[in-house]
Structure formats: structure tokens, C-alpha cells
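2 protein chains.
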Amino acid sequence: MIKIGEMSKRTGIPVTTIRYYEKVGLLPAPGRLESGYRLYNRAHLERINFLKNTRKLGFSQQRIKALVSLLENPNRTSEKVKISVQSQLEEIREKRLLIQNIENQLKQIIAKCDGGEKSECPILETFHEET
Amino acid sequence: MIKIGEMSKRTGIPVTTIRYYEKVGLLPAPGRLESGYRLYNRAHLERINFLKNTRKLGFSQQRIKALVSLLENPNRTSEKVKISVQSQLEEIREKRLLIQNIENQLKQIIAKCDGGEKSECPILETFHEET
DNA sequence: GTTTGACTCTATACCTACTGTAGAGTCTAG
DNA sequence: CTAGACTCTACAGTAGGTATAGAGTCAAAC
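Order-wise, the sequence lines are chains L and B. Each residue of the first sequence is one higher than the last, beginning at 1 in this note's numbering. Each residue of the second sequence is one higher than the last, beginning at 1 in this note's numbering.
These are computed hints drawn from the structure, not numbers from a lab. What you are looking at is a predicted structure, and each value in this text was computed from that prediction instead of being measured. Some hints could be false.
If chains are identical, the list can't say which one is meant, so a pair holds when it fits in one copy or spans any two.
Derived lysine-lysine pairs resembling BS3-like cross-links, with alpha carbons at most 27 Å apart [said to hold, decoys possible]:
{"hint": "1", "residue 1": "K80", "residue 2": "K112"}
{"hint": "2", "residue 1": "K107", "residue 2": "K23"}
{"hint": "3", "residue 1": "K107", "residue 2": "K65"}
{"hint": "4", "residue 1": "K3", "residue 2": "K112"}
{"hint": "5", "residue 1": "K9", "residue 2": "K107"}
{"hint": "6", "residue 1": "K9", "residue 2": "K80"}
{"hint": "7", "residue 1": "K107", "residue 2": "K80"}
{"hint": "8", "residue 1": "K3", "residue 2": "K80"}
{"hint": "9", "residue 1": "K52", "residue 2": "K107"}
{"hint": "10", "residue 1": "K52", "residue 2": "K65"}
{"hint": "11", "residue 1": "K112", "residue 2": "K52"}
{"hint": "12", "residue 1": "K56", "residue 2": "K82"}
{"hint": "13", "residue 1": "K65", "residue 2": "K80"}
{"hint": "14", "residue 1": "K112", "residue 2": "K82"}
{"hint": "15", "residue 1": "K107", "residue 2": "K95"}
{"hint": "16", "residue 1": "K95", "residue 2": "K56"}
{"hint": "17", "residue 1": "K23", "residue 2": "K56"}
{"hint": "18", "residue 1": "K112", "residue 2": "K65"}
{"hint": "19", "residue 1": "K82", "residue 2": "K3"}
{"hint": "20", "residue 1": "K23", "residue 2": "K52"}
{"hint": "21", "residue 1": "K23", "residue 2": "K112"}
{"hint": "22", "residue 1": "K65", "residue 2": "K9"}
{"hint": "23", "residue 1": "K107", "residue 2": "K3"}
{"hint": "24", "residue 1": "K95", "residue 2": "K80"}
{"hint": "25", "residue 1": "K107", "residue 2": "K82"}
{"hint": "26", "residue 1": "K56", "residue 2": "K112"}
When you get a sec, could you build the whole thing from the sequences and use the hints?
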């Protein structure tokens, strides 16, 4: 049984964030000492690692909650888990396409500028276009 | 001279967002009718198009403000504008690399799952790893 | 002339996913 | 026994807006 500071050290998740995860329902409320200090066990450590890993993969809190309830459901199938992760992949893929599109547009816009010292500026002109 | 609803129609930017841009200093405060209604001119329309285009390219408000002050500076050089847009490109490129990395990880994780009906689940196991 | 409906105003709350701060209490090593 | 580290709650702030409440205004139909 460890206190929140030790948990923070072991997981690399800030103390404030751990308390926040409890508040939003991603982490079960732990037991408390008489002083009110939180006391975590092995299961909490595992849950925080779970949150850390899914967060790194860009999962939203909503999707993480869905995964957690699968996790806690004894009737879960790995198929359902897979479908959830595939949705996440699709979302990420769309974000990547969007950002790639922006990247290409920026490159084209930069290419318009010859870097002269005149006050005319093809980049600013582009930004003023009606679209 | 047009009212805010007409401006919204012409630019496609919601009325609430136009007021918000004024509040955060991206759009100069327009004149008002006696009733208090905002009245916009050609310059405001151009500014809103500018905001719309830079926002579409993922510029932060901070960077947009920097661009706007270049825009308003008669001593600006197109070189300075170019440098600002190049910084934006670099930021976007890094975001894209990050998201591509996530995408690849997700693909690898999904590939671990054979979709069986057993309760064991390589995906959930991956999410529980200490990292 | 009035009434209806669309429009506008301000102010405030809400969103995601946290982070930071104030002020008070607790624990532990010297 | 005290100093410093740790923990607690509650609330405010971040970016970039969106949504809502309640009040006032404008234009056209009747």
C-alpha cells in the first residue's frame, strides 16, 4: 500500500493528475488513512499504467472509460476490445491525413515567397483570400 | 457597413466566434449603432478571412497575433512573414510525426489480436505494461 | 399601431484534459 | 520539538471556442 507521492514516482504521472483521474471516474477511489491520505494498492498501479498507455496513444477519456468497462466486464470478448482500438486507429488516421494536408499547404505557401525586402508579400495575400 | 449576422454569412464564421475574436484581441472592435449593434466594414471582413485561413492551417492565436502585428507594421519584410510560417510548418511537421508514430503503434497492437472469443486479450495486456 | 419573429446584446457556464495555486493539516527525520 | 516534505480540498486558469439565459432592437405583416 503506497501513498500518492510514491505512486506518482512509480508511474511518472503527476500527483495532481492522479487525483484528477479519481475525480473524473477513471481511477477507483482508494482507501484512506485516518489522516485522509489516499492509500493505493497493486490494482490502482495497474489502472494508472493503463491510463498512461492509452493516453499516450491519444485515446479520449470517453474511449478510455469504454475500454475500462470492457476491462471490468467478465463477459468481454477480445473482439470488442479490438473494435474499440480500431475505431481509435481510424480517428487517428483521419487526424494524420488532416495534418498532412495542412503540412502540404504550408509548404506550397512558403514556396510562393522569394524572401525579398519589398513590402509586397505573397504569403499575406494568400491569407487574405476568400475561401 | 454590415451587421454581425451578415458578416457571419459572408465568412462562414459563427456570430459567437466573431464576438470572441474581438474579445481576445484578434479582431479590432468595430463601430456601433445607437442600439449597440456592431457595424463592420471591409477591413473587418478581410481580417476575419485572415483569421479563418490561418486557423485552418492550425496557427495558434499567439502566432496569429504575431502575424497580425507584422501585417499592421509598415516596416515589415516578407522575410519575417516567411520565417513565422516556416516555424508553423516545423510545428505541424512534428505533430504529424507524433501522430504517425501513434498510428503505427496502434496498427501493431491491433495485429496482436486474433479476435478469439477467449477472455485473454493481448491488447489489454499491452495497455497494462509498465513503460 | 402593434405584434411577431428574427436579430443582437452582455454575461456566464461549459467543453477536454489537465495544471497551478492558496491555505490548512500531517508525517518524519534530526 | 521543530523544520521541511508531504498531503488534503477547493477553486482558478489554459486554448479555442460553443451554448445558454435573459433582455433589448429591428423590420415587416396585419
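Hints, verified against the model:
1. K80 - K112: Cα proximity of K80 and K112: across copies only (14 Å, versus 49 Å in one copy).
2. K107 - K23: neither (43 Å within a copy, 32 Å between copies)
3. K107 - K65: Answer is between; shortest inter-copy Cα gap is 21 Å, intra-copy 39 Å.
4. K3 - K112: neither (58 Å within a copy, 35 Å between copies)
5. K9 - K107: neither (42 Å within a copy, 30 Å between copies)
6. K9 - K80: Neither. Shortest intra-copy (33 Å) and inter-copy (44 Å) distances fail the 27 Å Cα cut-off.
7. K107 - K80: Answer is between; shortest inter-copy Cα gap is 16 Å, intra-copy 41 Å.
8. K3 - K80: Result: close neither inside a copy nor across copies, 34 Å intra and 52 Å inter.
9. K52 - K107: between (34 Å within a copy, 18 Å between copies)
10. K52 - K65: within (13 Å within a copy, 34 Å between copies)
11. K112 - K52: Between copies, since 20 Å is at most 27 Å while 43 Å is not.
12. K56 - K82: within (18 Å within a copy, 33 Å between copies)
13. K65 - K80: within (14 Å within a copy, 46 Å between copies)
14. K112 - K82: Between copies only: 10 Å across chains, 45 Å inside a chain, cut-off 27 Å.
15. K107 - K95: Result: close both inside a copy and across copies, 18 Å intra and 15 Å inter.
16. K95 - K56: So K95 and K56 pass the 27 Å test inside a copy (15 Å) and across (13 Å) alike.
17. K23 - K56: within (20 Å within a copy, 34 Å between copies)
18. K112 - K65: between (47 Å within a copy, 22 Å between copies)
19. K82 - K3: neither (34 Å within a copy, 51 Å between copies)
20. K23 - K52: For K23 and K52, the Cα distance is within 27 Å only inside one copy (16 Å; across copies 36 Å).
21. K23 - K112: Close neither inside one copy (50 Å) nor across copies (33 Å); limit 27 Å.
22. K65 - K9: within (24 Å within a copy, 39 Å between copies)
23. K107 - K3: neither (50 Å within a copy, 36 Å between copies)
24. K95 - K80: within (23 Å within a copy, 30 Å between copies)
25. K107 - K82: between (37 Å within a copy, 11 Å between copies)
26. K56 - K112: between (37 Å within a copy, 18 Å between copies)
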